[in-house]
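The hints should help you fit chain C onto chain G, whose structure is shown.
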Amino acid sequence: MTLAAASHGFLSPTGVEIAFLLVGIVTLGAAVVTVTTKQLVHSALWLVVALGGIAVEYLLLTAEFIAWVQVLIYVGSVVVLLLFGLMLTKAPIGRSPDADSGNRWAALVVAAGSAAALVWVVVDAFRATWIDLDGPVQGSTQESGRSLFQYWVLPFEALSVLLLAALVGAIVLSRKHGAAAAERGAVAPSTPTGPAAHAPGEDR
Amino acid sequence: MHLAYPAVLSVLLFCTGLYGVLARRNAILVLMSVELMLNAVNLNLVAFDVWLRDTLHAGQALTLFTITVAAAEIGIGLAIVLLVYRNRGSSDIDRLRDLAEQAGEADPADRDAQQPDTKAEATA
Chain G
1 MTLAAASHGF LSPTGVEIAF LLVGIVTLGA AVVTVTTKQL VHSALWLVVA LGGIAVEYLL
61 LTAEFIAWVQ VLIYVGSVVV LLLFGLMLTK APIGRSPDAD SGNRWAALVV AAGSAAALVW
121 VVVDAFRATW IDLDGPVQGS TQESGRSLFQ YWVLPFEALS VLLLAALVGA IVLSRKHGAA
181 AAERGAVAPS TPTGPAAHAP GEDR
Chain C
205 MHLAYPAVLS VLLFCTGLYG VLARRNAILV LMSVELMLNA VNLNLVAFDV WLRDTLHAGQ
265 ALTLFTITVA AAEIGIGLAI VLLVYRNRGS SDIDRLRDLA EQAGEADPAD RDAQQPDTKA
325 EATA
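In the order they appear, the protein sequences are chains G and C. Residue numbers for the first sequence, in the working numbering: 1 to 204. Residue numbers for the second sequence, in the working numbering: 205 to 328.
With the rest of the complex left out, here is chain G (with noise of 0.2 angstroms):
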């Protein structure tokens, strides 16, 4: 322990952790101003900037098909997903004062105390631990794709019945009660509750 300590410096740090410290204060500043802010679609652009921090964490633990993957479907679809979301809900635009909860002081509580729990335990236990990020690249594209085809084809296969079934399971999901308003449309308008057309996403 003493030996590694003293091999790479304690407390003066390199290159790669100052940026690394940088972008990861940026990202955690993001990730508070998302789940505190009043604003709806702030919170979702502000989580634009968290998830893009994280790609370029990625980027300096030389992972960077993830990061390439992390901009693509973070950053890409899923906030536009979200801000889709926002919008079919009918978010409010402006401040919104019921954005929290009653309970955002007990909640408070328990993030401060699992976060001061596990930096503790984390920080304990990996004191005397250095990535070594020199020599070959561990995370460039053709390592992750050869790893992901020799070793983890089954799983990727699964995977992707799991996003066809996720996908079929989205179709069903927003389908079924557009239909099932038209057959009530038809038959008797304004019955709310037809329990053989109900989804099963729905409330009974």
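Rather than coming from a laboratory, the hints here were simulated on the basis of the structure. Owing to the predicted nature of the structure, the values given are computational and were not obtained by experimental measurement. The beta-carbon is built from N, C-alpha and C at its ideal position, and this holds for glycine as well. Where hints are given, some of them may not hold.
With a cut-off of at most 25 angstroms between alpha-carbon atoms, the simulated SDA-like pairs for lysine to any residue come out as follows [unchecked claim]:
1. G:90 with C:298
2. G:90 with C:287
3. G:90 with C:288
4. G:38 with C:294
5. G:38 with C:284
6. G:38 with C:238
7. G:90 with G:76
8. G:90 with C:238
9. G:38 with C:300
10. G:38 with C:216
11. G:90 with C:277
12. G:90 with C:229
13. G:90 with C:302
14. G:38 with C:292
15. G:38 with C:241
16. G:90 with C:285
17. G:90 with C:296
18. G:90 with C:280
19. G:38 with C:299
20. G:90 with G:104
21. G:38 with C:301
22. G:38 with G:76
23. G:38 with G:25
24. G:90 with C:289
25. G:38 with C:289
26. G:90 with C:290
Rough simulated footprint, nothing fancy, chain C against chain G, three-plus residues with beta-carbon under 8 angstroms [claimed, not checked]:
27. 23–37
28. 74–80
29. 91–102
30. 110–117
Frame of chain G; chain C shown alone:
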């Protein structure tokens, strides 16, 4: 790089997401906080994969799988939230209390008044 940097960053991001899940009222903001928590886990997976120099690259493969599962989760979750919004005209989690255990038949306004202890009732 010291391993504590990514580990502590992911811990703090996870706890930020935890606060968001517990404190937010809008269902879509809760989904955003869940995304933050999943991203914290992904950062941990990548950091430990690079640290261990795994020949199978289990951490990075699992990160890709987590990203995919999170994308599927957000799709299904948003479909459910939109369905609930269409049926109820609201996506506030505090007001969706059909599954809560009802002690007697108290009227809804009375139940909505006692909000701070709704979590404990909802899990019962």
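Fill in: Given pair status - residue 216 (chain C), residue 38 (chain G), alpha carbons within 25 angstroms
Answer holds: residue 38 (chain G) to residue 216 (chain C) is near 21 angstroms, not above 25 angstroms.
Item to complete: Take a quick look at whether residue 90 (chain G) and residue 296 (chain C) sit within 25 angstroms of each other, Cα to Cα.
Response: holds (12 angstroms)
Discussion item. Closer than 8 angstroms Cβ to Cβ for three or more residues is the test here. Does the stretch 74–80 of chain G pass it with chain C?
Written reply: Satisfied; 3 residues make the cut.
Worksheet item: Within 25 angstroms, alpha carbon to alpha carbon, are residue 90 (chain G) and residue 302 (chain C)?
Response: Since the Cα atoms of residue 90 (chain G) and residue 302 (chain C) sit roughly 22 angstroms apart, the hinted pair holds (cutoff 25 angstroms).
Fill in: Holds or violated: residue 90 (chain G) to residue 277 (chain C), with C-alpha atoms at most 25 angstroms apart
Holds, at roughly 22 angstroms.
Discussion item. For residue 38 (chain G) and residue 294 (chain C), compute the direct alpha-carbon distance and say whether it is at most 25 angstroms.
Written reply: holds (17 angstroms)
Discussion item. Please verify whether residue 38 (chain G) and residue 238 (chain C) have alpha carbons no more than 25 angstroms apart.
Written reply: At roughly 18 angstroms apart (the allowed maximum being 25 angstroms), residue 238 (chain C) and residue 38 (chain G) satisfy the hint.
Worksheet entry | Given pair status - residue 241 (chain C), residue 38 (chain G), alpha carbons within 25 angstroms | It holds: about 20 angstroms lies between the C-alpha atoms, which stays within 25 angstroms.
Worksheet item: Is residue 90 (chain G) within 25 angstroms of residue 238 (chain C), Cα to Cα?
Response: Given that 25 angstroms is the threshold and the Cα spacing comes to 21 angstroms, the pair holds.
Worksheet item: Do the alpha carbons of residue 90 (chain G) and residue 298 (chain C) lie within 25 angstroms of each other, as the hint requires?
Response: Given pair residue 90 (chain G), residue 298 (chain C) holds - Cα atoms ~17 angstroms apart, limit 25 angstroms.
Worksheet item: Does the structure keep residue 38 (chain G) and residue 25 (chain G) at a Cα separation of 25 angstroms or less?
Response: Judged against 25 angstroms, a Cα distance of about 21 angstroms means the pair holds.
Worksheet item: Does the alpha-carbon distance linking residue 90 (chain G) and residue 280 (chain C) stay inside the 25 angstroms limit?
Response: holds (19 angstroms)
Of the numbered hints listed earlier, not one is contradicted by the structure.
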